[in-house]
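Student: Residue-level listing of the chains:
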Amino acid sequence: MFRRIWSLVVKEFIHLSNDWWLPAFMLIGGASELLLVGWGTSRPVQNLPLMVLDQNRSAASRQLIVSLENTGTFRTAQQVNDMASITAAMDRGQVTAAVVIPPDFSRQMDSASGQPGLFVILNGAESTPALAAQRALQGLASTIDERIVLRRLNLDSEQFSGFNPSLRVWFNENLSEALYTTPAELGLMLEFTVLLFAALAFSRERELGTLEQLLVMPFSSLEIMIGKAIPVVIVGFTDFLLMLAMIHFAFSVPVRGSLPLLLVLAFGYLLVELAKGMVISVISRTQHQAFLLVMLVGMTDFMFTGYAAPVEGMPPALQFFANFVPAHHWLEILRGILLKGTGLDVLWPHVLALMGLGLVIGIFSWRFVRRALD
Amino acid sequence: MDEKPCIVIHQLTRDFKKTRAVDGLDVSIPSGELFGLVGPDGAGKTTTLRLLAGLLDITEGEAEILGFDLRTQAEAIKPHVGYMAQQFSLYAELSVLENLRFFAELFDVPRADLAQRAARLLDFAGLSDFKERRAAHLSGGMQKKLALACTLVHQPEILLLDEPTTGVDPISRREFWDILTELHIQGVTILVSTPYMDEADRCSRVGLMFAGRLVRCDTPRRIRETLEGEMIEVQAADWQAAHKRIDGLPGVREVQTYGESLHILVDDGQKRLPEIERALQEANIDLRSIRVAPARMEEAFISLIRKMEAG
Amino acid sequence: MSVRHIWAVTRKEINHIFRDRSTLILVLFTPTLVLLLMAYALTVEIKHVPLAVLDYDQSQASRTFVRQITAGQDVDLYAYARDMDEITSLLMRGQVKAALVISSGFAADLQSMKGLPVQIIIDGTEPESGNFAVQHIAQSAEQFVNTALAGQLRSAGISAQSLQPLDMRIQTWFNPDLKPRNDIIPGLISMVLGFPALSVALTLAHEREHGTLEQLLATPISRTGLLLGKIIPYIGVGLLNVILIPALAIAWFHISFNGSFALFFGLSAIFLFAVLSMGMVVGVLMRTQAAALALSFLVIFFPGFFMTGIFFPLASMPEEMRLESLSLPGTHYAIITRGIFLPGVGMDVLWPYAVMLAVLGVAFTALAALFFRKKLG
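Here the protein sequences come in this chain order: C, E and S.
Heads up: take any position in the first sequence, counting from 1, add 162, and you land on the working numbering.
Heads up: take any position in the second sequence, counting from 1, add 179, and you land on the working numbering.
Heads up: take any position in the third sequence, counting from 1, add 31, and you land on the working numbering.
Since the hints were made in silico from the structure, they are not lab data.
What you are looking at is a predicted structure, and each value in this text was computed from that prediction instead of being measured.
From the three backbone atoms N, C-alpha and C, an ideal C-beta is built for every residue, glycine too.
Do not rely on the hints blindly, as some may be mistaken.
[As the list claims (entries may be wrong)] Here are the simulated DSS-like pairs of lysine-lysine, each with C-alpha atoms no more than 30 Å apart in a straight line:
id: 1; chain 1: C; residue 1: K173; chain 2: E; residue 2: K197
id: 2; chain 1: E; residue 1: K450; chain 2: E; residue 2: K486
id: 3; chain 1: E; residue 1: K196; chain 2: S; residue 2: K406
id: 4; chain 1: S; residue 1: K405; chain 2: E; residue 2: K197
id: 5; chain 1: C; residue 1: K173; chain 2: E; residue 2: K450
[To be verified] If you want the footprint, here are the derived chain E segments under chain S, 3+ residues with CB under 8 Å:
id: 6; segment: 190-199
id: 7; segment: 230-240
id: 8; segment: 285-295
Next up, chain C with everything else stripped away, as it sits in the complex:
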């Protein structure tokens, strides 16, 4: 039996070497795409365009403008002379936030009980930068508040620690965006790669009519399945190793937990996605169909990886459903081992879930393939 499987695997690899674009794309394309995307998305939101209408033109207002730029969120402020410029820029989407400093700003700042005012306009057309701008502005506001209060109440800055809670970030001390975006992106790329590759396994032969040739050979359906699965697993796992190495060296994503454990679990996850891909490949009549189904399934899974939004915020029904998505558990495992350094003792529910899902999908997959091939 193993010899037969081996001959099938050899045949698959010969096919692959004729059409070497496919695995090349999967490997190199996947890793470089991750590099690119990681590079582009690992910066915190910064460099946002800001407009300032300074109606005060005092030392105080100039100081404020410098403080705004120093938040790191905004780039050098563009100074304008009237509201019309702000309105035009907002309409064109050229500016994320605009700050209007009223004429009495410095007077209010200096007086003992004055209330310096600021009028801020946010461009809600792009919520991500707008929210970041809002956060930065509110942060700046509390800093200014503190400074004013210290001065007015003659409080000792040593004594007065401020009424703002201090913040500590665990697992990601620098709040490096890359640390939480790249593992999720890795997960996504890996899933799509394996699914795509697996989904093409049978649908391609079916479409081109070569499946019949396979069926008349003396292979059992299990042998055929394993024969087709092995190249996918090899390419997929290599892809994983490549991408893992890449995010580690390029983005300094640590591996705080056990690397061997991660590799074993990665392999297991691969098998689960492989099984899913196999099911897709036998229910599709053409490669086109297989591709569209992979898109659909992949995007659905993506929803539950917590990449875009935390799963806790979803309606309870969807949260429950998330448990049946292998990628959800895989991302928890990935983040856990890489960033939190957790081990099997903490991750076992997810591992168990993954195994369970793998078993169910695997059985389904085998049944489907067997029915299709016999």
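Since the structure of chain C is provided, determine the placement of chains E and S on it from the hints.
Tutor: Below, chains E and S without anything else, positioned relative to chain C:
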């Protein structure tokens, strides 16, 4: 028949990455000729046809079709040529008529003539009753006939057909060649490649290709005649033993096997027949029949190939 | 270039698409379904962030503080921890996304106006939730301090406002509640409307794999004619989506559409031309459908998702990458879509992007025609 050369090929060469598929081909095909291209697999027949159809770049040499230079004017030739690929795939989800119409449109068949021409071609091909049927649901023979119809729809002066009858049942094959003969009579220049020797026999001239070269180019009769000597056909119960026994007998040039009979090429049929008969009797090999038979293209061909392979 | 030739190829493609029912349904509905799924995923409002509390002070003040924080739906009290080990464990397991540690001098420091000795720990692997909790707690802290110290401040003659003297008024234009859905959904719409490009990438490779390309190349059809003939049906599919998908999104998600639909339709057609020709370039370069799929996935789908400024603002991308983004039709179309949906701007603002799309479309078509030779091998 017009004696003006229609297709002129001079030192035509085509290289692929490691192989030279067509090697210095030299032939001139006059207008209205039915030229057969034969040769073993990999001889370069398909490549030659593809080169002439303008589908591949020429590596070396020249070719001219109807006065157009194939290197620089390939696109201008296409309206005059009907090319049928070896794996002519029709569009499976389109009907017979839709497939035909598609090619008619691409070949700028005048709209006024389209319907009539389509009807006539389908009739010609025996497909009138299957107009609306999806191409995927046609038998192999019908598909090839539809392919031919699509190739003829623009009434080309030249036909380039790559193994058009391979995989087709014998009756359809004969019908197909009846159509080709009819076209030949109408004056269409036809260059057809075929693995079937009986078809090669029906051509005006036959070109034998081997390893990219044109080894022989002549009328079928003269090719048969080049086979020196005559042929004796032997049918024996144990043909393998008979083969061993006869090989090497004086005057025996070659022994070819055909199923269970042996075709023996000898220098003099009348003289060697009784000698062979005696040799077999002495070896106690049971003889079913033995006679002198006319050599066919088949034998000439195999003999030539063997000589080529021997170097 | 013969119109008759182009039309013949277009008609054939349309028949091909329509006669394969299951693929047709997938092609038509995948963009819609992906939109719905992603819209849900991305516009989920962060709520019920689980919080653990380690209260070393155990005073009435601290308890009030915690109650104030966890009132409402934003942050939920998951559990009171007994020590840091428990906090560590909860965070490691991901059972809480943030933890609040209240030092033992909480009430005292508050009374003497020395400060607010609390520490928030967030799970850095999911900073969305963490940051949200921080903001919420900071706001609650502000209110808490004001209320708690109100009496003291009054007796000292200080108004509550004195603690937050800066009067910063924030107004959000185009999207008053700053709900992500109002701008992310138009961005998603612009992304899924580009999906037909993936199918276009396949069509040439499909003919190659099925052997029909050889015959096609032997006909007099021009290269550009063949490519155009193949793109046109997908422009049709795309335009159909342009009508259906925004209508669906508006009805389902109640987002606003403030601009002119006629303008949107026209600009969408230019976008389709650009993105489909991009797909065609991929299709011309690859010999097999599988390779075309893989390449279009890498070059069209993934960048369309990450690099078009839909989810990650262009402004924060490194300079070199921003240039690359600009060569993607999706980037310009996302700006157009957002502009028409939210501020409802017109051609006077959007024309540079329309021009960019047209330029990209012509460039890609030229590239495709350049790489596509009517030769085998």
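Student: A separate judgement is required for each hint: does it hold in the structure or not?
Tutor: Going down the list of hints, with the structure as the test:
Only pairs whose Cα atoms come within 30 Å are accepted, and C/K173 paired with E/K197 is accepted, the gap being roughly 23 Å. For the suggested pair E/K450 and E/K486, the alpha carbons sit about 25 Å apart, so the restraint of at most 30 Å is met. The suggested pairing of E/K196 with S/K406 holds, with an alpha-carbon distance near 16 Å, which does not exceed 30 Å. In summary, the hint linking S/K405 to E/K197 is supported, as the alpha carbons are separated by about 23 Å, within the 30 Å threshold.
Annotation: proposed proximity of C/K173 to E/K450 is violated, straight-line Cα distance about 55 Å (limit 30 Å). Only residues whose C-beta sits within less than 8 Å of a C-beta in chain S count toward coverage, and the segment 190-199 of chain E has 1 of them, not enough to reach three; the restraint is violated. For the segment 230-240 of chain E, the stated coverage by chain S is satisfied: 5 residues place a CB nearer than 8 Å to a CB of that chain, which reaches the threshold of 3. Coverage of a stretch by a chain is defined here by at least three residues with a beta carbon nearer than 8 Å to that chain's beta carbons; for the segment 285-295 of chain E and chain S the count is 3, and the condition holds.
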